[in-house]
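> Counting along the sequence shown from 1, when you hit position 114 you're at 114 in this note's numbering, and nothing is skipped either side.
For the record, the hints were derived by calculation from the structure and aren't laboratory data.
There's no promise every hint is true.
[Stated by the list, open to error] In silico PhoX-like cross-links for lysine-lysine, where the CA-CA straight-line distance does not exceed 20 Å: (1) K75 with K54; (2) K28 with K54; (3) K11 with K75; (4) K75 with K28.
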Amino acid sequence: TVDAELIAARKQDVLMLPISAIQYQNGKSYVMTTQGERENRQDRSNNDKVPPTKMVEVQTGISNDEYIEIVSGLKEGDTVLLSNSSTGSNINRFGGGPGGQMGPVGPVQIRTRPN
1 TVDAELIAAR
11 KQDVLMLPIS
21 AIQYQNGKSY
31 VMTTQGEREN
41 RQDRSNNDKV
51 PPTKMVEVQT
61 GISNDEYIEI
71 VSGLKEGDTV
81 LLSNSSTGSN
91 INRFGGGPGG
101 QMGPVGPVQI
111 RTRPN
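Produce the entire structure from the sequences given, and follow the hints as far as they go.
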């Protein structure tokens, strides 16, 4: 038997996000970003407060099974919210219905990932 790994494309110093952070609507790609710090950070008993969010259109590039390149629309250090839903490109993810809620499930800060 032979095990082989083919590399179709490789880029260095690119912004990467988990694929689950990307939402699709009308043929465009979006992410949900936070617009500020958590309110009442000192009040540990009130974890329901989350910063306001904003939907941002992004241009994506190459991807693997877990991550996708962000070509434009975000910069390093931006915070992106991950979806509660594990379904792929479900348009309902923009709504607030079951399986389509956006929330502070593991906010992710954008980092340059050298390859």
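> Of the numbered hints stated earlier in the document, which are not met by this structure?
Going through the list in order, the structure violates no hint and respects every one.
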